[in-house]
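K.L.:
Here is how the chains run, residue by residue.
There are 2 protein chains.
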Amino acid sequence: MADMYVRFFDTTLRDGEQSPGATMTSAEKLEVARSLARLGVDVIEAGFPAASPDDLEAVRRIATEVGNPTDGSRAPIICGLARTITNDIEKAWEGVKSAARPRIHTFLATSEIHMQYKLKMTREQVLDKVREMVCLARSLCEDVEFSPEDAGRSDPDFLYLVLAEAIKCGATTLNIPDTVGYTTPEEFGALISGIIKNTPGIENCIVSVHCHNDLGLATANTLAGIQAGARQVEVTINGIGERAGNTALEEVVMALYTRHATFNCSTGIDTTQITRVSKLVANYTGMSVQANKAIVGANAFAHEAGIHQDGMLKHQLTYEIMRPELVGANQTRLVMGKHSGRHALKQRMLELGYRMGEEDLARLFERFKALADKKKGITDADLEALVSDELYQPKEYFKLDGLQVACGTMGMPTATVRLFGPDNQARVCASVGTGPVDAAFKAVDAIIQAPNGLLEFVIHAVTEGIDAIGEVTVRIESNAAGQVIGAQSEMDQLRTFGGYGADTDIIVASVKAYLSALNKLLAATGQYETAGQTEAEV
Amino acid sequence: MADMYVRFFDTTLRDGEQSPGATMTSAEKLEVARSLARLGVDVIEAGFPAASPDDLEAVRRIATEVGNPTDGSRAPIICGLARTITNDIEKAWEGVKSAARPRIHTFLATSEIHMQYKLKMTREQVLDKVREMVCLARSLCEDVEFSPEDAGRSDPDFLYLVLAEAIKCGATTLNIPDTVGYTTPEEFGALISGIIKNTPGIENCIVSVHCHNDLGLATANTLAGIQAGARQVEVTINGIGERAGNTALEEVVMALYTRHATFNCSTGIDTTQITRVSKLVANYTGMSVQANKAIVGANAFAHEAGIHQDGMLKHQLTYEIMRPELVGANQTRLVMGKHSGRHALKQRMLELGYRMGEEDLARLFERFKALADKKKGITDADLEALVSDELYQPKEYFKLDGLQVACGTMGMPTATVRLFGPDNQARVCASVGTGPVDAAFKAVDAIIQAPNGLLEFVIHAVTEGIDAIGEVTVRIESNAAGQVIGAQSEMDQLRTFGGYGADTDIIVASVKAYLSALNKLLAATGQYETAGQTEAEV
Numbered sequence: 000m001a002d003m004y005v006r007f008f009d010t011t012l013r014d015g016e017q018s019p020g021a022t023m024t025s026a027e028k029l030e031v032a033r034s035l036a037r038l039g040v041d042v043i044e045a046g047f048p049a050a051s052p053d054d055l056e057a058v059r060r061i062a063t064e065v066g067n068p069t070d071g072s073r074a075p076i077i078c079g080l081a082r083t084i085t086n087d088i089e090k091a092w093e094g095v096k097s098a099a100r101p102r103i104h105t106f107l108a109t110s111e112i113h114m115q116y117k118l119k120m121t122r123e124q125v126l127d128k129v130r131e132m133v134c135l136a137r138s139l140c141e142d143v144e145f146s147p148e149d150a151g152r153s154d155p156d157f158l159y160l161v162l163a164e165a166i167k168c169g170a171t172t173l174n175i176p177d178t179v180g181y182t183t184p185e186e187f188g189a190l191i192s193g194i195i196k197n198t199p200g201i202e203n204c205i206v207s208v209h210c211h212n213d214l215g216l217a218t219a220n221t222l223a224g225i226q227a228g229a230r231q232v233e234v235t236i237n238g239i240g241e242r243a244g245n246t247a248l249e250e251v252v253m254a255l256y257t258r259h260a261t262f263n264c265s266t267g268i269d270t271t272q273i274t275r276v277s278k279l280v281a282n283y284t285g286m287s288v289q290a291n292k293a294i295v296g297a298n299a300f301a302h303e304a305g306i307h308q309d310g311m312l313k314h315q316l317t318y319e320i321m322r323p324e325l326v327g328a329n330q331t332r333l334v335m336g337k338h339s340g341r342h343a344l345k346q347r348m349l350e351l352g353y354r355m356g357e358e359d360l361a362r363l364f365e366r367f368k369a370l371a372d373k374k375k376g377i378t379d380a381d382l383e384a385l386v387s388d389e390l391y392q393p394k395e396y397f398k399l400d401g402l403q404v405a406c407g408t409m410g411m412p413t414a415t416v417r418l419f420g421p422d423n424q425a426r427v428c429a430s431v432g433t434g435p436v437d438a439a440f441k442a443v444d445a446i447i448q449a450p451n452g453l454l455e456f457v458i459h460a461v462t463e464g465i466d467a468i469g470e471v472t473v474r475i476e477s478n479a480a481g482q483v484i485g486a487q488s489e490m491d492q493l494r495t496f497g498g499y500g501a502d503t504d505i506i507v508a509s510v511k512a513y514l515s516a517l518n519k520l521l522a523a524t525g526q527y528e529t530a531g532q533t534e535a536e537v
Numbered sequence: 000m001a002d003m004y005v006r007f008f009d010t011t012l013r014d015g016e017q018s019p020g021a022t023m024t025s026a027e028k029l030e031v032a033r034s035l036a037r038l039g040v041d042v043i044e045a046g047f048p049a050a051s052p053d054d055l056e057a058v059r060r061i062a063t064e065v066g067n068p069t070d071g072s073r074a075p076i077i078c079g080l081a082r083t084i085t086n087d088i089e090k091a092w093e094g095v096k097s098a099a100r101p102r103i104h105t106f107l108a109t110s111e112i113h114m115q116y117k118l119k120m121t122r123e124q125v126l127d128k129v130r131e132m133v134c135l136a137r138s139l140c141e142d143v144e145f146s147p148e149d150a151g152r153s154d155p156d157f158l159y160l161v162l163a164e165a166i167k168c169g170a171t172t173l174n175i176p177d178t179v180g181y182t183t184p185e186e187f188g189a190l191i192s193g194i195i196k197n198t199p200g201i202e203n204c205i206v207s208v209h210c211h212n213d214l215g216l217a218t219a220n221t222l223a224g225i226q227a228g229a230r231q232v233e234v235t236i237n238g239i240g241e242r243a244g245n246t247a248l249e250e251v252v253m254a255l256y257t258r259h260a261t262f263n264c265s266t267g268i269d270t271t272q273i274t275r276v277s278k279l280v281a282n283y284t285g286m287s288v289q290a291n292k293a294i295v296g297a298n299a300f301a302h303e304a305g306i307h308q309d310g311m312l313k314h315q316l317t318y319e320i321m322r323p324e325l326v327g328a329n330q331t332r333l334v335m336g337k338h339s340g341r342h343a344l345k346q347r348m349l350e351l352g353y354r355m356g357e358e359d360l361a362r363l364f365e366r367f368k369a370l371a372d373k374k375k376g377i378t379d380a381d382l383e384a385l386v387s388d389e390l391y392q393p394k395e396y397f398k399l400d401g402l403q404v405a406c407g408t409m410g411m412p413t414a415t416v417r418l419f420g421p422d423n424q425a426r427v428c429a430s431v432g433t434g435p436v437d438a439a440f441k442a443v444d445a446i447i448q449a450p451n452g453l454l455e456f457v458i459h460a461v462t463e464g465i466d467a468i469g470e471v472t473v474r475i476e477s478n479a480a481g482q483v484i485g486a487q488s489e490m491d492q493l494r495t496f497g498g499y500g501a502d503t504d505i506i507v508a509s510v511k512a513y514l515s516a517l518n519k520l521l522a523a524t525g526q527y528e529t530a531g532q533t534e535a536e537v
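The listed protein sequences correspond, in order, to chains A and B. Going by numbering that gives the first Met the number 0, the first residue of the first sequence is number 0, and it counts up by one from there. Going by numbering that gives the first Met the number 0, the first residue of the second sequence is number 0, and it counts up by one from there.
Accuracy of the hints is not assured; some may be wrong.
No copy is singled out in the list; a pair is fine if it fits within one copy or between any two copies.
Here are the simulated PhoX-like cross-link-like pairs (lysine-lysine), alpha carbons at most 25 Å apart as the crow flies [as the list claims (entries may be wrong)]:
| no. | residue 1 | residue 2 |
| --- | --- | --- |
| 1 | Lys-96 | Lys-345 |
| 2 | Lys-374 | Lys-441 |
| 3 | Lys-345 | Lys-196 |
| 4 | Lys-374 | Lys-96 |
| 5 | Lys-337 | Lys-441 |
| 6 | Lys-128 | Lys-374 |
| 7 | Lys-398 | Lys-441 |
| 8 | Lys-441 | Lys-373 |
| 9 | Lys-119 | Lys-441 |
| 10 | Lys-368 | Lys-441 |
Calculated from the structure, these hints are not laboratory results. Only a predicted model underlies this, so the values are computations on that prediction, with no experimental measurement involved.
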């Protein structure tokens, strides 16, 4: 039996980025998109362009820079999400049109509960809206995907009708979401079979599945969808996404691979890239991966590299169903040191997948040399932490110039912070706190004056040993930064901002991460855009 | 149709504790067992008594203290694991016999690959061993569970034969493990159906399922097992366990609850305890839960408590398939302050589920007052962090007496540590490092001299705001501490030790966590048992 090709539609940058606090900067999004392209995904859903001008701009950059590969590789489809609203669809097209292979993805809910409570529309009105908006999308773009939201709880007969109309109006991919993560694999498989059997015209379209993990069944439901005939799966890296998240790309890929005889499916995914992309997304979003996460967790494989036990091979056969190398885990980690030159660094970064300009490389090299003075062997993980810290930071309204901390069991943790502000003036403030980070954050707050609530604060020493770089992610929430539209919930939500910092000193890393989140918040409020000018005028 | 009762067999303390670094102290295991009893699990697998005298002792304490409730509640079955080895079975019985309802669980692999490479036994030899050892177990204990390891990859006909023999010899529960997490729900359901249909005598036994999550399918496989007739499920809190872990208790419980009409099953679980137990296990094992984990992740529910938006209710209906309160998330967090007395603290701890002796309460109250001086409102999370830090620490060979740290961007992080040693002498050491934690750990190492490798270092500020208590977990590995037998792999593994520390100062918390892990390591090596004496003699 010939293999069936299953398309991977990655929505890490859209549905994944909607997780509270997973907000990424434009530069981070671009790097994630590049990594997804290298990973071999077929479609990158780059964002929801109508959400804000920033979102539109990020999608446009990805469409231009990742959607037009210059190295002869096949261009990934770049997709933008749109509600069934004229402005949304036009914005989506504006975002993706510069890609070699653009796609518009539009959606409307079809379950009774959503139509009645959220849309306040009748079935007839929903049908009309789908016809009108799919036609509009198709008039702009040849590749149009339509999703009947909350399909898992929709009346199947109405669903067939809506899908048939979307097909008539030119939709080329029909995506079936289990929006609330409610179905069982048996039910979801039956839903997909029913759609394929009963929807006129569906034989010329790709059927796609989009599952959520509220009951821990996203992967099983996605696989059931494939067995029922779906040929596209919508997934995210590490399964990030709202609530319990989306289907994890890595789980579906490796299930199809490991159980090839059962599924008879091939994919375009280069599995050896999985671990790298997983770490990249965890760092940029601040959504860390638990040790016992399938495929990409720290403990996912039974045996660590370097164990050299007799009978290792036989034990691998008895307890491992896939080799760590297959997903790029436990790769040899080339260690660099203080005598490594700029050329060696450039080479290593290329091997790690970073194409860097000379200016970025120069900044990285400077940080690299400073680190090499403190720490003997510099690993790939250290390098990736440096890249995140150095190159993917938001616009810096305030920049850390100096930090001095005293703490311990004497009980008066004190921090002194010196920041350069938007007016390029240094400001110094000392503060006491319950701990060194609290003291330092209080000192920062006294200077910056941007009220916010700290939602999460996580420090990881991901690299080998405690002398390595510590990475800190923080998530803050602001009333003042206004609200953002959730694509599906259409609820205004308080905006949250994630920040990332890396340093061998975790207190320094903490302050950097906090400043990075605050700088994102300041960009959203515009507080210091005007404040800076006012001060200049005074 | 009448509900079918599904028994929950929790193996957090056995299969869960086998995760690298998830080692818990005896006191922590006891507290987890108490929480599992409150949660309403039917069976607590308390450990693998043959692994070490410590493991045996921990099982015995749980059997005695949790296996004989004095408040009139139904006693949970307390179970001990044993290989099909006389000594293992005798040790297991020694561990569990003091419980009101003891169980011995023994297992032997039945797949060709395991029999050939690991056991080096023929089918006939496997059958003989099963007969002999199940008979032995049954001669000691009325309640005997047998598992054919790697059943998912075993020849079904041979499996039926082995199970039939186990039943003849007196096994009362037959547990079917998908040891390597390889099967799909369809396959696993068919395996269970086949067993129920083809195994003579099985109608008088309970069929159980035990799944692993290597492909992200553990929950789906477990549910497929239930649909095929299994009436016991083996699970862990947060799905912890070797590699990608076991089936998560919370996912199976909530799937059965939320989709009651599909499954028609009832359970003995009090769902409102889920969040509490999840946090407890995460703290004690140091296995943190990712934000997008189903049911117990920080983001698992769409809406946070306190959002008071118009139409909240309608949105809950549209996007939530269960209410957060149902799993005990978002409960009102009573805030205590510096004027709260000892009685109020005792009351609150009781409400949180901690029955504390007067001595423990006195120590907790002291820490509580110290914290209240630093921090305005003390939340439940703060209290639980204090309990973990104060009451569930290993024997302290070395105790932190003083810590002084200076760090910041000046680049010479320095820590001075004063420890009380086993001889009750204070030792002071100063050290410089790449960061404050590195400096402090180096100073500790200079005093304690117990070579080890740091595997993981995680700091969480789980409570509200950065002024709250920071919690640190570390995992270290030691060559010197000898090796431990994995029940199933029978591979000797390097012993790893987890440590936990909590303080408003994260550097202090880090040192406490490191000391707690080191103290566990020292207990395992016995290094300072003798050293202390030697020094006393000198």
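K.L.:
All the hints need checking, so say for each whether the structure fits it.
P.N.:
Now the hints, each set against the structure:
1. Lys-96 <-> Lys-345: neither (33 Å within a copy, 64 Å between copies)
2. Lys-374 <-> Lys-441: between (30 Å within a copy, 14 Å between copies)
3. Lys-345 <-> Lys-196: The answer is neither: 54 Å in one copy and 63 Å across copies each exceed 25 Å.
4. Lys-374 <-> Lys-96: Result: close neither inside a copy nor across copies, 47 Å intra and 54 Å inter.
5. Lys-337 <-> Lys-441: between (36 Å within a copy, 22 Å between copies)
6. Lys-128 <-> Lys-374: neither (61 Å within a copy, 55 Å between copies)
7. Lys-398 <-> Lys-441: Within one copy only: 16 Å inside, 31 Å across.
8. Lys-441 <-> Lys-373: between (28 Å within a copy, 14 Å between copies)
9. Lys-119 <-> Lys-441: Classified as neither; 47 Å inside a copy, 64 Å across copies.
10. Lys-368 <-> Lys-441: between (31 Å within a copy, 23 Å between copies)
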